[in-house]
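Asker: Chains as they are written, first to last, in the numbering used here: chain A, 1 to 319; chain B, 1001 to 1270.
Think of the hints as simulated: they come from the structure by calculation, not from any bench.
Fair warning: there could be bad hints in the mix.
[As the list claims (entries may be wrong)] One-sided and incomplete, this derived list gives chain A residues near chain B with beta-carbon spacing under 8 Å: (1) I65; (2) A88; (3) V120; (4) V267.
Don't be surprised by glycine CBs; every beta carbon is placed ideally from N, CA and C.
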Amino acid sequence: MPLIELEGVAKDFVVHRSAGLLRRDRITVQAVRDLTFSVERGTILGYIGPNGAGKSTTVKMLTGILVPTAGRVSVGGLVPWDERIALARRIGVMFGQRVQLWWDLPLVDSLELLRHMYRVPADRYRHTLASLREALELDPFIRTPVRQLSLGQRIRGELAAAMLHDPEILFLDEPTIGLDVVAKQRVREFLIRANRERGVTVMLTTHDLADIERLCSRILIIDHGRLIYDGDVNALKERYGTERVLVVDLEEPQGPLEVEGGRVIKVEGPRQWIAFERARTNAAQLAAAVATRANLRDLTVEEPEIDDVVRRIYLETRP
Amino acid sequence: MAELRESLSLYRLLIAARVRAQLQYRTSFAIETVAAFLVSFLDFVAILVIFSNVPQLGTWSVAQVALLYALATLSFAFTDLVIGHLDGFPALIRDGNFDLMLVRPKGTLFQVITGDFQLRRLGRVAQALLVLGYALNTLAIDWTPDRALVLALTVPSGVLIYGSVWVAVICIAFWTVEGREAANAFTYGGAFLAQYPMNIFDRWLRRFLGYFVPMAFIAYFPALHVLGKTDPLGLPAVLQVASPVVALAAAVVASTVWRFAVRHYQSAGG
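Chain A extracted, bound-state conformation:
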């Protein structure tokens, strides 16, 4: 039996907009429409889509925060909003942009309070905390008040808080947002370990394509409240993420360059953006070709953005 199941789930929000002095119009916004999918235990699922696509709304319905307008949801055999407290004991939730720890207490005090709230037995707590301290390298700052932690440290603290009661499922909303490369990598390694060693099922929303590539065995893409892609990452990249962009800075501004295997998509003074298919050529060949036609000062390669990938899928799947 799948761990997470959704069937025909919809969520409408009623928004009031003022129309004149006293009149207010009721507008119904469909955040999510007819969502059906299921997730097997042990999956690391990437749930992606542009802003406002319905990602957070879905996660909130799965965690018992929001009640859907229509449809059926089951998480670990529970109906999230009806059995909220029973579910809370079995899931860990982390919102990258919200502080769940007690702001003015040392990290270790927050964890201690959560232990009582989740009724984790003392010996199991000691054991779990020891392994979290090691995996997330908490020791240097575990006695520091949360308000004095750097973002990277705080996120590690938040992850420890979410994992303290040994949840079966981890819901992460933008877990790496705002982190530097090293901190992001540390978070990703931790999630992979938690998944392998403890069998934690992970569902994460993100804007970061690297998160998806390094972590996810399966991804779902949602746009305008509908599911538009369900599959593994490689298939997605092969189909849609194959185009990269070489950005070149030339000595002198000049007209769009003509190079084998690339096509100029934008020119801005001496800077030009050249799109190329990974299958046909590579950045080095392209750069060499550019160098024969103009004096090159600098160059960078841009990876496809998740939003671009989504846009391409969306254009393709639209009737």
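Put chain B on the given structure of chain A with help from the hints.
Answerer: Just chain B, lined up with the frame of chain A:
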């Protein structure tokens, strides 16, 4: 029962953590507490000013009004101490931080209540106790077991009534982002009115305080019983001992409203 014991011990832990955090700044705590004491004392000074012009306030002597005032203020002060931070609840909703409480294995109201605890509010408690001491000392109350019982139950009932009104009206925040002003009209406004004998207000306001927002049960009715006064309004005597029942009913209504509101919570953002 085990559930209740666990909640109480978790309450103690969470509040102790808040208190620890505040006691890091001892001077600031001391100044704020004294300030709270003095500011709330001005309410009582206002009553004394009225009595410097009239010998009686609707058949109530100054010491009798002091008793009324002390009971109402003590109830309010304890309520304020325990849940006064509900003032900040609309912001919790607006910023979407209420989400966090829904993913933890505890009641949402419990988490909101344990979210903060302003120790400086003890200043108002101290002030009310002082006035209560003065009133009980000055009044020659003919103590009987039922009067002592009514007096003992008055403040716990009052806390429950204030708390219920507070919780019920703050639920406005689930629907409109600026619920705070409306809620304050009931809570602080009601607290002010409960400090005066009800019979001095006009009939419309009396009905509102008696039936809709049960402020009359916080101090007015129990004070009549303790003082052995006949009700200037001539209302049934049973009302004078009904505060605990009214308080329990208010708590049931408030928790129903809260549960209904949480179910309709829309969260913030997409």
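Asker: Each hint needs a verdict: does it hold in this structure or not?
Answerer: Hints, verified against the model:
1. I65: holds (5 Å)
2. A88: Interface hint status for A88 of chain A: holds (4 Å vs cutoff 8 Å).
3. V120: violated (11 Å)
4. V267: Given a least distance of 35 Å, the restraint on V267 of chain A is violated.
Consistency note: the structure conflicts with the earlier hints numbered 3, 4.
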